[in-house]
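When you get a sec, could you build the whole thing from the sequences and use the hints?
Chains U and D, in that order, give the protein sequences.
Position 132 of the first sequence, counting from 1, maps to 123 under the working numbering, and the rest follow consecutively.
Remember, the working numbering sits 838 above the position in the second sequence when you count from 1.
Any given hint might turn out to be false.
[As the list claims (entries may be wrong)] Once the Cα atoms are required to be at most 25 Å apart in a straight line, the calculated SDA-like pairs of lysine to any residue come out as:
#, chain 1, residue 1, chain 2, residue 2
1, D, 942, U, 128
2, D, 942, U, 145
3, U, 111, D, 908
4, D, 942, U, 239
5, D, 909, U, 243
6, U, 126, D, 951
7, D, 872, U, 243
8, D, 888, D, 856
9, U, 289, U, 215
Derived by calculation from the structure, the hints in this document are not laboratory data.
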Amino acid sequence: MSHILRGSSAIVGIGQAGCGKAEGRTPLDILAEATHNALDDAGLSLSDVDGLFTGSSYHFMPTLSTAEYLGIKPRFSDGSMIGGSSFIAHTLNAAMAIHSGLCDVALICYGSNQRTAGGKLATMSEQQTYEVPYKPHYPISSYALAAARHMYQYGTTREQLADVAVAARQWAQLNPEAFVRDKLTREDVLNSRMISDPLSLLDCCLVTDGGGAVIMVSSERARDYHHKPVYLLGMGMAHWHRQITQMPDLTITAAKESGQRAYEMAGLSVKDIDVVEVYDAFTINTLLFLEDLGFCPKGEGGAFVANGNISPGGTLPVNTHGGGLSCVHPGMYGIFILIEAVRQLRGSCGKRQIDGAEVALVHGNGGVLSSQATSILGTEQTL
Amino acid sequence: MTQITNKEVGPDQIYTDYLKKQIFALPKCMKCKKYHFFPRTACPHCGSFKLEWYPVTGAGEVYSCTTIYRKSERGGNYNVSLITLNEGPRIMSRVEGVEPESVKIGSRVTASIDNETDEPFVIFTPTEIPGSCHTY
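Structure (structure tokens):
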């Protein structure tokens, strides 16, 4: 018997705003514009929204600030904050709330003006007392430590990491909305300024502005809207640590568990996945998540991502809009991979469209490889 | 079960107080016998609250490391490492006494205490003789 939440709710609206640069706007200005676009996409209005799911690096009580700004009075709201993975996790929380009748129209949303506000990573995070004396760069040094360990244990190379950035750029070149689209070679990545060895500037995601919003409703009413619904088939979360010293093994992320949970709920396996959108804040992320989600054996991620295998025309389409590395990355990024997956399953991706895409896996990461959240989405044929 | 009465100072303070006395000590669980770091009031391995503090040998191994690049006029490049102590816990630290770029994963290192400020912290240097212990 399938899980009660499998296919119980669907995404019927998506919207983005201010991706790249959004001069003179606050994070909530951008969030509101993305919300407008998502509601317009679905054919709904703000007064229809009665469930609110959001996270923020700017607002201590993000659901309160967001609802106040939008002038809505949600019956149910959830501001669970697990970094960039929050918005992926919100798909499960929204599905639970919809299924149990706590809300009918769920809005999952995010906005950030990280680029125009000065390019610094906004954070309300507590300081990590036992890391501060050693001056790690947050968050890149934690990812660099994971990359270094992966290289040591499995012989992964900087060239292989560079190929992740190159693949992302090739996808971005097919996406007119991507922020950076000029040609990128492996050598460009290897020769870019070293920041925290082995990660150099072009191993790191962009710093952009941007907002995203997603509208979810029950499957019963999902066919009443403009676009073909995209159903939530499975979702899983896992977290094993907060700070990098506490990560049990720097080469294995909790995506191993979140992925298993999502596959189990969906009743699907890795071979059923047509398109993959993973949270690529750094090149090492893509490699670790492809391993932990079962697309290749542990330790073989370097060889798997090399030589165009995840590029357009490769065996596995990964981060088809250009990813956080080349498309958009405003501080927290999870909502944008959710939106790209929906676009792929609607078949509206133009030059980068994956033919016959029926099932998409979306994987979010938060903190320093800390929180992992996996959603599996599908078209009506997969119900 | 007896209630906890908070009669002592908290674990952060105990850790720092030991360092100020040039002792690198960590909490050890009296139930499962494992050490942990960062210091807590409960054992993260088994959940027991029966903890005692013991000095550790200071011997460990570089689990991973990164060189953070910084302009020379701002102090130059520096190392950040994760060290797995012989007693089990992993700690973030800096390996000194060698160029940051030559710190290698798998190298044996030995702790010492940087006590120059009011907030002392543990640093490591390469171990001369493998497995040897540092005396404070």
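Structure-based check of each hint:
Our distance criterion of 25 Å between C-alpha atoms is met by residue 942 of chain D and residue 128 of chain U, whose separation comes to about 20 Å. Pair hint residue 942 of chain D plus residue 145 of chain U holds up; C-alpha atoms about 15 Å apart against a cutoff of 25 Å. Under the criterion of a C-alpha separation no larger than 25 Å, the hint pairing residue 111 of chain U with residue 908 of chain D is consistent with the structure, at around 17 Å. With a C-alpha separation of about 20 Å, the suggested pairing of residue 942 of chain D with residue 239 of chain U holds against the 25 Å cut-off.
Using a Cα cut-off of 25 Å, the hinted pair residue 909 of chain D and residue 243 of chain U is violated, with the two alpha carbons roughly 33 Å apart. For a cut-off of 25 Å, the pair hint linking residue 126 of chain U to residue 951 of chain D stands: about 17 Å separates their Cα positions. Proposed proximity of residue 872 of chain D and residue 243 of chain U is supported: the alpha carbons are some 23 Å apart, at most 25 Å. Proposed proximity of residue 888 of chain D and residue 856 of chain D is supported: the alpha carbons are some 19 Å apart, at most 25 Å.
Proximity of residue 289 of chain U to residue 215 of chain U is assessed by CA-CA distance (about 43 Å); at most 25 Å being required, the pair is judged violated.
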